[in-house]
Amino acid sequence: MTERKTDIGPPHYGQFLHPVIKANYGKWKYHEIIEPGVLLHVSETGDKIYSVRVGSPRLVSTDFVREACDIADKHSQGYFRFTSRHNMEFFLTDLAQLPALKADLAAKGLPIGGTGHSVTSIVHTQGWVHCHTPAIDASGIVKAVMDDLFEYFGSHELPAQVRLALACCLNMCGAVHCSDIAICGVHRTPPKVLHDKLRHLCEIPTTIASCPTGAIRPHPDKSLKSVIVNEERCMYCGNCYTMCPAMPCFDAEKGGIAILVGGKVSNSKTPPAFSRLAIPWIPNNPPRWPEVVAAIRKILTKYAEGANKWERVGEWIERIGWERFFEVCDIPFTFQHIDDYKFQAYDTYRTSMHFKF
Amino acid sequence: MHKTPLLDQLESGPWPSFVTDLKRAAAKKPQTADLLGLLERSYVDKITHWKHGGIVGVLGYGSGIIGRYTDLPDEFPGCEHFHTIRVNHPSAWMYTTKALRELMDIWDEHGSSVLNMHGSTGDIIFLGTRTEELEPCFAKLTEKGWDLGGSGSAFRSPSCCIGPARCEWAMYDTLEACYELTQEFQFDLHRPSYPYKYKLKLSGCPNDCVAAVARADCSVIGVWKDDIRIDQSAVQAYAGGELKPRGGATKYDKLDIQKDVVELCPTQCMSWDGKTLKINNRECNHCMHCINLMPQALRPGTERGAAFLLGSHAPILEGAQLSWVIVPFMEMEKPFDNLKELMSNIAEWWSEHGKNRERVGELILRLGMRSLLEAIGVEPAPQQVRIPRANPFFFWYQSDFDAEAKGRRYDTRQGFVR
Ligand code: HEM
Ligand code: HEM
Ligand code: SF4
Ligand code: SF4
Ligand code: SF4
Ligand code: SF4
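If you read the protein sequences in the order shown, they are chains D and C.
The first sequence: position 203 = 203 (the working numbering), numbered continuously.
The second sequence: position 369 = 369 (the working numbering), numbered continuously.
FYI, nobody ran anything at the bench for these hints, they're computed from the structure.
Check before you lean on any hint, since a few could be wrong.
Taking lysine-lysine and the PhoX-like style, the derived pairs with C-alpha atoms no more than 25 Å apart in a straight line are [said to hold, decoys possible]:
id, chain 1, residue 1, chain 2, residue 2
1, C, Lys144, C, Lys98
2, C, Lys251, D, Lys102
3, D, Lys254, C, Lys51
If we take Cβ atoms under 7 Å as the criterion, some of the chain D residues that face chain C in the derived model are [claimed, not checked]:
id, residue
4, Asp7
5, Gly26
6, Tyr30
7, His31
8, Val60
9, Ser84
10, Trp128
11, Val129
12, Pro245
13, Ser268
14, Pro287
Virtual Cβ for every residue (Gly too), placed ideally from N, Cα, C.
Here chain C stands alone, though its shape is the one from the complex (with noise of 0.2 Å):
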């Protein structure tokens, strides 16, 4: 084992120290022990170790593995090769214990006994192995039923949050839709044929707590569109204080209805007699404030669906953007055609016109939402602005004077035919 004064220092304090536990693995494992050192010496020079190295993956597929490598390989020869194997998460991250000893048994085996559980994107990633552990080990990932997760310009392995399974605010069923779309684009997911990464995140409601707005070029939400449904005696219970606010999590025992939650309601569309809470709801633009502090009072309507926006990513490089709402609201039963068939046809539109290393939400801002909308075939609707433009400086082509002149809205260069 190599020395490692200053990792040492993480063993101390209240939160589970990952020092401590990778020190259980580098015991039994010498690649691991070398990739303490390693750790160690970058502690000690600031300054990573690791370095972009030789493409390696699984026969027939483009993805799902990624090479590292140290430059320091004669002193940690266990980490000369160190890849990372990204496995497709199931729905949700549930589990047996059962299945995920399989998935250990098999990384011990053939890996450094390393893992994230779980990366950003939402795949298991097993930290560390040569390359010719990757077929051996994929192999055994198949026969007990795992895929590769995606990497490099192809579709991400789509994840969701708890949704039905133990959340009642889910306006669709997130771990099916997962699980479908996971499906059926695996031939994408393995294979990198997009100018870029694409991302799905879907979300069962505005709480969004897959953080799809922010993660994911594809961020799908859960909305409804009728009445919030309101027991009124539950309002008098939080009123009361004998339901606490948020269903007890926070510090505050009692909910004051008025300030707490008419007061703070974006669109001011509720209001409150002291005996009756009354919602507006055609005002309402869905923001959960009142539903998340009394959820025992008030529930999400019944007439459920998605809305589907287009476009995060992180800063790089045009700026960081959050997904734009392109649908603002559809169906959402299985099998999931209709999302199927919208991100395939966005795909289309990027694959055709996009540049290399170009995301679907920056080639928007370079040709346009109006060549998106028509590529797919979505017609614009005041939902998908924030404010209308502040400026004269649009367009105009020859098939708005064509739909001017048949009595047509100005929808798109062919003409949205009604």
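Only chain D is shown next, with the shape it has when bound in the complex (with noise of 0.2 Å):
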């Protein structure tokens, strides 16, 4: 038996830098976007490589990892890199190479496109292919999302980029709170205590701690053993779940999904920013969620027509103010879009009078 090795870490990303990359390391002078998906960086060398921006679905197959191989081998000198949301980018030193590099991916189907004013892939989580909290799939609904917007992948007719991204439960593994458009999996039940199971499968005061509204009590009953939620402070974050799963809080009918818009992370013009509460809930609708992807298309529609030049969502809904929003996109305002939810909440209401009809 040889050694056991722990604790080496990746490896060094150094083997694994395409040769101009590794020449021009540091020294990279401009870009330009020569069309949609490539990308042109030039060096003080004079050097140049395109880049190959191509969509992925992110849960893929191990065949679907050695098919990318193929064509970075026959194109890309046998190295290719992933975005920070899920594309792949294939390399070229000659612009001569492109027509055959697009023809080898409309072969298999692969899109090219998500630079710029674009709509890029949608970042997100796992959903019911994986994880245990969702109310709602990941890959499905962002199948059926970027199958309707496909058209904005591949080009750049938008005011600015658009970001989209998917979370399947509060828990926002995909850190869904700062996107142009943010879908986020909602559920609106209570937990349901299983009392038999929860003694043998929880303990029960850090089942009480999980609990971010204090919603969780022992159980008058010392002999049960167990906890009761008080459900009108429960806001179905799910957290007891995750520390007690005899606390399951899932309703099929019930859960959801909640659009959020106009966050952002760069610093462009304007500082970060966090998503806002559009629509509260629209059914869970498999396997194609018809309702939401019509009122994404809806939201990208009225934001196309109305933004300025270089407005990103949020900087739109900014400057037009949000009963604008909520009225050019047709959206009822309801109880549930007045935050109050911990401290934040006060800060979110108006205290001028700039405000329209």
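Since each chain comes alone in its own frame, lean on the hints to assemble the complex.
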């Protein structure tokens, strides 16, 4: 037996750098996007590299990765990378190689795009394929929404870039809370406490402590060794279920999807911002979620019509006002839109006469 | 193979279909066929069929493996165990095909052949294997030079933007910093010993392509201190339409320098007389807008480093937070000892005071920013706040009076010596 290796960390990136990238590391001068999905970076040395950005479903098979490797071996000298938004990028040193690469990508059904003022791949989480707290699936909704917005992936037709993200529960692994348009799975029912299971599966103090709103208390009947939930306080976060599997809070019909809009992370012009609630609930309707797809298209279309040049979704809404946003997008304003969660809430109430009718 | 009439409806349409792809793997692997069957069941029931199960891992590690079991093991025996293995990705997610093929061979041999490229933390996520496959899979991974990523209340695998490898705006070497810090914190990455997760993301400039400000407790974002470099002839070329706005990333074919650049500068520190673009650099807040629009005319300065921000996490529990500026500027030179020390000091303060499952940003809210700054020896600076407080409810300590008596600033309970 060979000695067991631990704590070696990931391989050093140096061995994975395309030769032109290695030679020009830290020497890049400027870039251009010569067509949607095709970036050109020019070095101080005069060297050039073309990066061709390609969409991927993120949830893939080993054969998918091998086929991407085949493409990289043929066109990209055996090097390629993934972006922070789950796209792939292949490298060319000569633009004359682009048509051949395009042909091979088209044959595999892989789309080119995701640069600049486009809708690029949706950052998303696991959903029903692998997680224990989702209200909704992830990959299926992403597929349905990207099918519908496909024209925006391979073009630069929007006033600015629009970044979508999806999280299948309030935990928001995908950190959707700073996206132009965020899709978030929501539960709407408090946990059902399974008293006979709870005593075997869960530690009562940690279960009580897990609840952010303090809704969980020891069961008055001490012999049960269980807990009770003050349902009026519960905001269906599922935290207790994470700590204690005897407290499932799923309801197939009541669970659904919230849409939040107007967040960003870049600092360009305006600071990073949170996404804000646009639609509190849309039914969870697999396999193609038509209501979600339609709601997102509507918001995107109204944004594209109404925004000034360079305005991100949140900047557009900030300029026209939220009251106008709800009007142009035909979204009813509800009690759920008014924040009442903890301290941040009062920051969002209007204190001026600056509003419109 | 199970029948999947609902999932089949996700095979049409122009976006690449994960269903079509997974069916190929399912044809070769019974467990993956069961995965598709189980997923179809969730599409029917509109409920997840995974549960929180028993603790699994590889010897000596407390993280990197996420135990996963289905609640329908009799119908879908291939998913009875379906654990996740997080494989720590290389900086900026760059690969050779040779290395990736080796990884795929390992995963075909020891798992479901299904994976995420990549998870939101950045790791390669191998989705679905049995407990007895974990050790052999781990041995094969390390033999080829790969290791597991973090999970649970551990340091999580750091990630970074493509930075100097292919971006002209990188203000420090994000890839090397990512690698160095990953190596430095190997112990804490594999052995959860913090109150909760501790994440690090590194972006080379304020465009923040890895969303560090929103998605990592520790957010390192590149910035320059001196002047934006201007090529006036290139500015003219943008004004004349020979160069396309934003390098061609838009539908607009010509920049109006006054309207699109100068008037949208958030600090109003630019001016344009039709011939020369001027920037009052002392007033620039490094937002990147003008540079983004004219990448051939404007370049960030050469006095470079990064800001360190702390505390972001998703909404649970205390509501979402973005990271706060703690150190407005730090040099970022290999081996990044200053960053390592800062992050260790923060972790020490947090480990000492934090409650179980309290993120560091939440602890700052509970104990106050002063408590953190004093503990890590960082002085107050106006860059740390957007706006000062609007109330007179602040605290004074004996050390403040002592400092006052000695003619010092009211900096700390110990009093910074100056
Ligand atoms: C027994 C098998 C268990 C498995 C396989 C398991 C798995 C997981 C996984 C995958 C996560 C997410 C970690 C991440 O984001 O990287 C998690 C989080 C968590 N689990 Fe478990 N869990 C188990 C048992 C428990 C038990 C018994 C408790 C509590 C009594 C518990 C409490 C938690 C907590 C508090 C978190 C949040 C910590 C975090 O996200 O870092 N888990 N668990
Ligand atoms: C109670 C709190 C949380 C629990 C129980 C939890 C649980 C989990 C679980 C089970 C997974 C693994 C999913 C899988 O691969 O099967 C996961 C992944 C992840 N979590 Fe969490 N999580 C919690 C909070 C958070 C928060 C607050 C964040 C972000 C700030 C976060 C970020 C992530 C990320 C980035 C991943 C990787 C997702 C991916 O692979 O795409 N989690 N979490
Ligand atoms: S967002 Fe929620 S349901 Fe989705 S993967 Fe994360 S913890 Fe699981
Ligand atoms: S779902 Fe969340 S709010 Fe409701 S009882 Fe559980 S932990 Fe508390
Ligand atoms: S964050 Fe800045 S330096 Fe890094 S890749 Fe994005 S634009 Fe380039
Ligand atoms: S970077 Fe932003 S603040 Fe600075 S000059 Fe350009 S537009 Fe103005």
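Hint check results:
Note on C:Lys144 and C:Lys98: the hinted pairing holds, with a Cα-Cα distance of about 11 Å set against a maximum of 25 Å. Straight-line distance between C-alpha atoms of C:Lys251 and D:Lys102 comes to about 22 Å, which keeps the hinted pair within the 25 Å bound. For the hint linking D:Lys254 to C:Lys51, the alpha-carbon distance of about 20 Å falls within 25 Å, and the restraint holds. Hint status for D:Asp7 relative to chain C: holds, with the closest Cβ pair at about 4 Å, below 7 Å.
With a least beta-carbon distance of about 4 Å to chain C, the hint placing D:Gly26 at the interface is held under the 7 Å criterion. Given the 7 Å rule on beta carbons, the hint for D:Tyr30 holds: about 5 Å separates it from the nearest Cβ of chain C. The restraint placing D:His31 at the interface with chain C holds, with a minimum CB-CB distance near 5 Å, inside the 7 Å limit. Checking D:Val60 against chain C by beta carbon gives a least distance of about 6 Å; that is within 7 Å, so the hint holds.
Interface hint status for D:Ser84: upheld, as the beta-carbon distance to the closest one in chain C is roughly 5 Å, under 7 Å. Interface restraint check: D:Trp128 against chain C, minimum CB-CB distance 4 Å, threshold 7 Å, status holds. Interface restraint check for D:Val129: the shortest CB-CB distance to chain C comes to about 6 Å, inside 7 Å, so the restraint holds. For the restraint placing D:Pro245 at the interface with chain C, the shortest Cβ-Cβ distance is roughly 5 Å, inside the 7 Å limit, so the hint holds.
For the restraint placing D:Ser268 at the interface with chain C, the shortest Cβ-Cβ distance is roughly 5 Å, inside the 7 Å limit, so the hint holds. Evaluation of the D:Pro287 hint against chain C yields a held restraint, the C-beta minimum of about 4 Å falling below 7 Å.
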